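Engineer: Using the hints provided, position chain D relative to the given structure of chain V.
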Amino acid sequence: MIANYGYKDGSGDFFISIDTDKCIACEDKPCLEACPIKILEKFADDYDDEVVGVKEEHRKKIKYSCAECKPASGERNLACQKVCQPGAIEHSW
Amino acid sequence: MAEVKEYWRWKEYNWKNPDINWQDAAVITAGIDVGSVSSQAVIMCDGELYAFSNMRTGSDSPNSALNAINWAMADTGLTQKNIHFTVGTGYGRVNVPFADRAITEIACHARGANYMYGPTVRTILDMGGQDCKAIHCNEKGKVISFIMNDKCAAGTGRGMEVFANLLGVSIEEVGERSLQVDEEPGPVSSTCVVFAKTEATGLLRSGWSTEKVLAAYCSAMAHRVVSLLERIGMEEDFAITGGIAKNVGVVSRLEKELGVKALKTRHDTQIAGAIGGALFAKALVEKGKK
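Note that the protein sequences, when read in sequence, are chains V and D.
Numbers 1 to 93, taken from our numbering, label the letters of the first sequence in order.
Numbers 1 to 290, taken from our numbering, label the letters of the second sequence in order.
Hints listed in this document are in silico derivations from the structure and should not be mistaken for laboratory results.
Be aware that a few hints might be false.
What the hints assert, rightly or not - Under the rule of at most 30 Å between Cα atoms (straight-line distance), these lysine-lysine pairs were calculated in the DSS-like manner:
#1 V:LYS22 <-> D:LYS197
#2 V:LYS42 <-> D:LYS140
#3 V:LYS70 <-> D:LYS151
#4 V:LYS29 <-> V:LYS55
#5 V:LYS55 <-> D:LYS289
#6 D:LYS142 <-> V:LYS60
#7 D:LYS151 <-> V:LYS29
#8 D:LYS81 <-> D:LYS151
#9 D:LYS151 <-> V:LYS61
#10 D:LYS151 <-> V:LYS22
#11 D:LYS287 <-> V:LYS60
#12 D:LYS151 <-> V:LYS63
#13 V:LYS60 <-> D:LYS16
#14 V:LYS22 <-> D:LYS287
#15 D:LYS5 <-> D:LYS140
#16 V:LYS29 <-> D:LYS289
#17 V:LYS55 <-> V:LYS22
#18 V:LYS82 <-> D:LYS264
#19 V:LYS29 <-> D:LYS287
#20 D:LYS151 <-> V:LYS42
#21 V:LYS29 <-> D:LYS140
#22 D:LYS246 <-> V:LYS42
#23 D:LYS246 <-> V:LYS60
#24 D:LYS16 <-> D:LYS140
#25 V:LYS42 <-> D:LYS287
#26 D:LYS287 <-> V:LYS55
Predicted model, so just to flag it, every value in this text is computed and none were measured.
Extracted from the complex, chain V is given alone in its bound form (with noise of 0.2 Å):
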């Protein structure tokens, strides 16, 4: 399932796409240790597999609480995309 966390707005869309049948191999999750935000979580999704998506509380800011990784000037330090090794986490800005 392709899980689409965030928003869309005047401003631009605003998304998290997490491929969870990718996320689910991944045993060790190191995408919650390494956001500096901690707006990862692990859950039990809707059909019980183990699977990581964006916590409730940010996914209607998320293009503040991920600032640190993408500032405005354009340069990006995506740390969650980094340690990913199944390649299941795109943003969508």
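Structural biologist: Frame of chain V; chain D shown alone:
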């Protein structure tokens, strides 16, 4: 003081299937969808729709859930003790005190749409009270991908209610009235409901008819959700759930923009999530989860 007419108010009702006797059922399950604007309770007997209620969500989610299930059970002789498993879903899913499990509305809408429209459904657009979801599912109604927008009220049922009240048109007539225009106007430009309302007021003052303003708003709503669908891709068959699925003005404009026809159903499109919840509940009973 003059009575203020509530044009936004849609019909609340309950229904029961006269062809089913719940006492003959081996598995009775319930799905309770507590949304931000409306709440539905569905009761299924062996996976067949037996009874449901559809009502406005109050300020207290647990109370709304209780009212919904009680109204669905009204005049049936059923009590909560007869229900083997209950799934809570929707915005208030964690506030259904009698639910055995909470499941997201995304998974429940996919499962419910599979029941309502058949296994050919691949793309579902749920236009809810205060959010909008685009979902891809497989032939079993399992979610393949989803995207949700609940930060902005544009493209939601509540936005349409605001416009119904502003223009003094019953919510049930908004769709038909929006089609009564000689020429399709451009959509209102504002993406925010508050600013769209201000824009609509300006258009009325400049001489636009009520129908033309409704057409512009329905068009804006359709355009906005199409962009959400484009992000996850469009795959036929296509179905719309939620209250806005009853608005022919939005649905026809959506179909035009997408170049596809939405499937029709004999069921109330607002109960898709609750149906999905009841079907999940049946599957969980069969898995021995209770």
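Engineer: Hint by hint, say whether it matches the structure.
Structural biologist: Hint by hint, here is what the structure shows:
no.: 1; hint: V:LYS22 <-> D:LYS197; in the structure: violated, 44 Å
no.: 2; hint: V:LYS42 <-> D:LYS140; in the structure: holds, 26 Å
no.: 3; hint: V:LYS70 <-> D:LYS151; in the structure: holds, 21 Å
no.: 4; hint: V:LYS29 <-> V:LYS55; in the structure: holds, 15 Å
no.: 5; hint: V:LYS55 <-> D:LYS289; in the structure: holds, 27 Å
no.: 6; hint: D:LYS142 <-> V:LYS60; in the structure: holds, 25 Å
no.: 7; hint: D:LYS151 <-> V:LYS29; in the structure: holds, 28 Å
no.: 8; hint: D:LYS81 <-> D:LYS151; in the structure: violated, 38 Å
no.: 9; hint: D:LYS151 <-> V:LYS61; in the structure: holds, 9 Å
no.: 10; hint: D:LYS151 <-> V:LYS22; in the structure: holds, 28 Å
no.: 11; hint: D:LYS287 <-> V:LYS60; in the structure: violated, 35 Å
no.: 12; hint: D:LYS151 <-> V:LYS63; in the structure: holds, 12 Å
no.: 13; hint: V:LYS60 <-> D:LYS16; in the structure: violated, 39 Å
no.: 14; hint: V:LYS22 <-> D:LYS287; in the structure: holds, 25 Å
no.: 15; hint: D:LYS5 <-> D:LYS140; in the structure: violated, 44 Å
no.: 16; hint: V:LYS29 <-> D:LYS289; in the structure: holds, 28 Å
no.: 17; hint: V:LYS55 <-> V:LYS22; in the structure: holds, 19 Å
no.: 18; hint: V:LYS82 <-> D:LYS264; in the structure: violated, 45 Å
no.: 19; hint: V:LYS29 <-> D:LYS287; in the structure: holds, 28 Å
no.: 20; hint: D:LYS151 <-> V:LYS42; in the structure: holds, 23 Å
no.: 21; hint: V:LYS29 <-> D:LYS140; in the structure: holds, 29 Å
no.: 22; hint: D:LYS246 <-> V:LYS42; in the structure: violated, 38 Å
no.: 23; hint: D:LYS246 <-> V:LYS60; in the structure: holds, 28 Å
no.: 24; hint: D:LYS16 <-> D:LYS140; in the structure: holds, 26 Å
no.: 25; hint: V:LYS42 <-> D:LYS287; in the structure: holds, 24 Å
no.: 26; hint: D:LYS287 <-> V:LYS55; in the structure: holds, 29 Å
In terms of the numbered hints stated before, the structure departs from hints 1, 8, 11, 13, 15, 18 and 22, listed from lowest to highest.
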